[in-house]
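Visitor: Sequential numbering of the sequence shown, starting at 8, is according to our numbering.
The set of hints was computed from the structure by calculation and includes no laboratory data.
Treat the hints loosely; a few may be bogus.
Unchecked claim - Straight-line alpha carbon distances no greater than 25 Å define the calculated DSS-like cross-link-like pairs of lysine-lysine that follow: (1) 211 with 82; (2) 293 with 283; (3) 114 with 249; (4) 82 with 121; (5) 293 with 268; (6) 268 with 283; (7) 211 with 268.
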Amino acid sequence: HHFNKDCQELRNFDINVRNTYLHVYNAGITKFDNENDEFTKYQKLISAFHNIDNERDAVERQARVALTEVAATIKGLREDLDRLRREMNSFNKGISQHRISNLQAFKINVIPRKMLVDSIDTIISTSHQFEQGDTLDLLSQEPYSENAVNEAKDHLIKLASDKAGLTLTDLFDIRFEVVNRAGETEHFEKIDSAGSNGTRITIKLLCGMLFIRYLLSDQEQNLYRIPIYIDEAADIDPQNQKAIIETALSFGFVPIFASVKPQISCDYIVPIRSVKDGAQNWVDEKDWIEVEHN
């Protein structure tokens, strides 16, 4: 009688062990399932349970290392974005000093891509917390910032995979802001949508000269006088022509207007003659016409 009772208890115990293991397995702990010997499998599972604090620490260390490595990689991009926005603010101040006749104001705005930049900021700020000694317990039930961090990582990974890497240009969009004569503000994704053809030419020239000037060192700015060829000059009104000439000369450029009609804003009109039955153009300094300005 006692023997049968012991056997029944043993069978129940075996069923309970198997059911418990199945529950653990379904919960995602499967790394011991390849063991052929069930006793060994259970022993390793029990050992892992007793070692869970060490496992917790190991997971936390790995998460911290991975996050700080990612943060170190993208921190430079984030700093470059801030630097670009500062430089663009300075650039816009330079533009604002030059009047564009039929506009009250013109600016180039750097618009951060919010979701991507927020993800980068989340990674960087969490990494900074790690450096200050805070922890991210991935095995705890506390909400902390784990979800936000994981969402940020997933977003960065997806975008980087789609684009085969991240660059500064992935972090922002450019938007052109124009204030017209009536004081109305308009925004354009492309500069070719802003104002008349003459206005667009003027804006492009001012921006181009300012950009080149930014690329030159202070010494280089005084060393060179760079010719700048301006096509379709007849489309630019005299006030803008004068602004372009003054800006060009102050920045070390020599403006050359190209037009089928003489442009009296210039100091010299240079006729172009065709020679060899129109096969070549000929310019002779003897043909230059000096323009007298009152």
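Visitor: All hints, please: hold or fail.
Guide: Going through the hints against the structure:
1. As the CA atoms of residue 211 and residue 82 are separated by approximately 32 Å, the hinted pair breaks the 25 Å bound.
2. Straight-line distance between C-alpha atoms of residue 293 and residue 283 comes to about 19 Å, which keeps the hinted pair within the 25 Å bound.
3. For the given pair, residue 114 sits about 21 Å from residue 249 by alpha-carbon distance, which is consistent with the 25 Å threshold.
4. Only pairs whose Cα atoms come within 25 Å are accepted, and residue 82 paired with residue 121 is accepted, the gap being roughly 16 Å.
5. Of the supplied pair hints, the one linking residue 293 and residue 268 holds, its CA atoms being roughly 19 Å apart against a limit of 25 Å.
6. A threshold of 25 Å between alpha carbons decides the hint, and for residue 268 with residue 283 the separation of about 23 Å falls inside it, so the pair holds.
7. Between residue 211 and residue 268 the alpha-carbon distance is near 22 Å, which keeps this suggested pair within the 25 Å criterion.
Of the numbered hints listed earlier, the single one contradicted by the structure is hint 1.
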